[in-house]
Each structure stands twice: as C-alpha cells, then as structure tokens.
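Model the full assembly from the supplied sequences, consistent with the hints where possible.
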Amino acid sequence: MRLGEVLTGVRLTQTQESGNAVPFSELADREILGLEYDSRRVKEDFLFFAFPGGRTDGRQFALDALVRGAAAVVSESPAPEQFEGAWVQVEHGRKALALAARNFYCRPDERLRLTGITGTNGKTTTSYLLDSIFRASGYTTGLIGTIEYHVAGRVLSAVNTTPESLDLVRLFVELERHGGTHVTMEVSSHALELARVYGLNFHTAVFTNLTRDHLDFHGTMEAYFDAKKKLFEGAGGPAPRAAILNRDDEYVQGLKLARDTEVY
3 MRLGEVLTGV RLTQTQESGN AVPFSELADR EILGLEYDSR RVKEDFLFFA FPGGRTDGRQ
63 FALDALVRGA AAVVSESPAP EQFEGAWVQV EHGRKALALA ARNFYCRPDE RLRLTGITGT
123 NGKTTTSYLL DSIFRASGYT TGLIGTIEYH VAGRVLSAVN TTPESLDLVR LFVELERHGG
183 THVTMEVSSH ALELARVYGL NFHTAVFTNL TRDHLDFHGT MEAYFDAKKK LFEGAGGPAP
243 RAAILNRDDE YVQGLKLARD TEVY
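Note that the numbering used here has the sequence shown beginning at 3, numbered continuously upward.
If you are wondering where the hints come from, they were derived from the structure by calculation, not from laboratory data. Beta carbons: idealized from backbone N, C-alpha and C, even for Gly. Some clues are possibly wrong.
[What the hints assert, rightly or not] Straight line, CA to CA, 20 Å or less: simulated EDC-like cross-link-like pairs of lysine to aspartate or glutamate:
no., residue 1, residue 2
1, Lys-232, Asp-251
2, Lys-45, Asp-169
3, Lys-258, Asp-228
4, Lys-45, Glu-33
5, Lys-45, Asp-66
6, Lys-232, Glu-93
7, Lys-231, Glu-252
8, Lys-45, Asp-31
9, Lys-232, Glu-195
10, Lys-231, Glu-264
11, Lys-232, Glu-252
[As the list claims (entries may be wrong)] Ranges of calculated distance between the beta carbons of each label pair, as one might list FRET restraints:
no., residue 1, residue 2, range
12, Thr-10, His-205, 18 to 24 Å
13, Lys-258, Gly-221, 17 to 23 Å
14, Asp-250, Arg-113, 32 to 38 Å
15, Asp-66, Met-223, 37 to 43 Å
16, Pro-82, Leu-158, 31 to 37 Å
17, Pro-82, Glu-33, 23 to 29 Å
18, Arg-137, Arg-4, 36 to 42 Å
19, Val-161, Thr-10, 23 to 29 Å
20, Leu-131, Arg-156, 17 to 23 Å
In structure tokens form, the structure reads like this:
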C-alpha cells in the first residue's frame, strides 16, 4: 500500500527528507509494507510511528528504525537535525497510528460487530457475560480485556486492558481470518485518552459506572469522565448505534449521545 493511502484521513503538518522540507506528494507514492511503533520490530519499507510513551519517547528510536529499513517516520515533532530519511510530521501521533492501522488492514472493524464497555468497575464481568451469550448463539467471537485476549478460541496474554491501536486492529484481522463476527472489549479511560480506539466503528457502547480511580493519570474526576465520554461520542469515527447505560449512576446524565443512537 502506498504511503498516501496509509495516511488517508491523518492531519499532516509537514514532511521532511534529509532535513529539508519536501511536499507530501513526493513521498505519497512510496510503497509501505508494514507499520510499527516499536523500532525493534521495524523491517524494510515499514512506516515507523514515533510518539511519546509512558516510559520512553519513541522519537529517540527514529534513527534505529531508519537503520532497520523504515521507509519513513511519522511523528508530532520536527525531524532531528541528524536524521537522514523521510519524516512526516502530523498533528497527533497516536491518532495517526490508529487511522493508519485501519487503512493498512482495510478497516476490519467495519465488518465486525464491536461492543465497547467502559466504566470504573464491572467491565471484565460484563465483557465475559456478553461474550458467553454471543458464543452460545453460535457466533465466533473475540474478547479483549484485562485478564486475557480471546481470538476465535485462541487465548493470548493481555499486555494492556485495551491494546495499542495497531495491535488491536491486528487482533481484528486475526479474528476475521478465522470467521469471527463479534468482538466484546473493555475500553479503558487510558485507551480513550491515548487514542487506542480512535476511529473505530463501535456498534454498541456500554457504561457501567464511574467512581474515583485513575486520578493519578487523569488528575480530576471531570477529566476522567471526559475520557469515558469519547466512546459514546464516536471519537474519530461514527457514534455507536446503541448505548447500554447504568441509569443509577449520576454521571450518565452527562453523556452526549447521537440522536440516532438507541439507548437501553
């Protein structure tokens, strides 16, 4: 797939090559054979996404990615002076990765029935209950959450409650390859804030409750709730077609739902 196709929908700021700004049109036809955000996994003609992480800054590994054969680097920051390759500067690195992953893998989420569950407590229990119902109904399913990931009966270790966007889309591809149709997933506030589910097409969004937690990351309850709301507002993608809400929770009244979203 060409670079321009991979980055369809991504907001660009600037492109550079060997320290000199060049039009994106001169890079758009480059063939991209894969995507990565970990430079250690980069191969020839891969597109490397370099953005700040919780422990390290991916931009520090841009040179390593180039040595390993990266066709270009995508980042929110300008290219460092010593960088001698193609550099695409974007407005938001994580959103760029999420959109690029969907483009590169032909948007598998649009062919799957995604149910996203968010809330402080009850996500895991709810996800297992829903997944068991789908399986009992004869569907081949995927389950993504805190304990582990299930892909068409295959059990994988869970690194995060909600994987990075690229890893998440790859799970969708694997599920679809095995005839899967339904995905039930926990969507953490961290994932929503860090754009891990940005652009995804959720059929149903579920809100369990909101209590004091993760304030070390969000700072305030207002910011915590703002992150949760993104699932129902369709962050980067369409709003969910259905919403299942715990009306006993006071925060439910603050959710902004699309007019055509069915509420239960």
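Results for each hint:
1. Lys-232 to Asp-251: holds, 17 Å
2. Lys-45 to Asp-169: Distance of about 17 Å is within 20 Å: holds.
3. Lys-258 to Asp-228: holds, 11 Å
4. Lys-45 to Glu-33: With Cα atoms ~13 Å apart, Lys-45 and Glu-33 stay inside 20 Å; holds.
5. Lys-45 to Asp-66: Holds, because 11 Å separates the two Cα atoms, which is no more than 20 Å.
6. Lys-232 to Glu-93: holds, 19 Å
7. Lys-231 to Glu-252: holds, 14 Å
8. Lys-45 to Asp-31: Holds: Lys-45 and Asp-31 sit about 18 Å apart, inside 20 Å.
9. Lys-232 to Glu-195: Between Lys-232 and Glu-195 the Cα gap is close to 8 Å, so the pair holds against 20 Å.
10. Lys-231 to Glu-264: holds, 16 Å
11. Lys-232 to Glu-252: holds, 17 Å
12. Thr-10 to His-205: 18 to 24 Å: holds, 23 Å
13. Lys-258 to Gly-221: 17 to 23 Å: holds, 21 Å
14. Asp-250 to Arg-113: 32 to 38 Å: This hint holds: roughly 35 Å between Cβ atoms.
15. Asp-66 to Met-223: 37 to 43 Å: Because 40 Å falls inside the window, the suggested range holds.
16. Pro-82 to Leu-158: 31 to 37 Å: Holds - the Cβ-Cβ distance for Pro-82 and Leu-158, about 36 Å, lies within 31 to 37 Å.
17. Pro-82 to Glu-33: 23 to 29 Å: About 25 Å separates the Cβ atoms of Pro-82 and Glu-33, which means 23 to 29 Å holds.
18. Arg-137 to Arg-4: 36 to 42 Å: For Arg-137 and Arg-4 the Cβ distance comes to about 39 Å; the hint holds.
19. Val-161 to Thr-10: 23 to 29 Å: holds, 28 Å
20. Leu-131 to Arg-156: 17 to 23 Å: The hint (17 to 23 Å, Cβ to Cβ) holds, given that Leu-131 and Arg-156 are roughly 21 Å apart.
In summary, the structure agrees with every hint in the numbered list given earlier.
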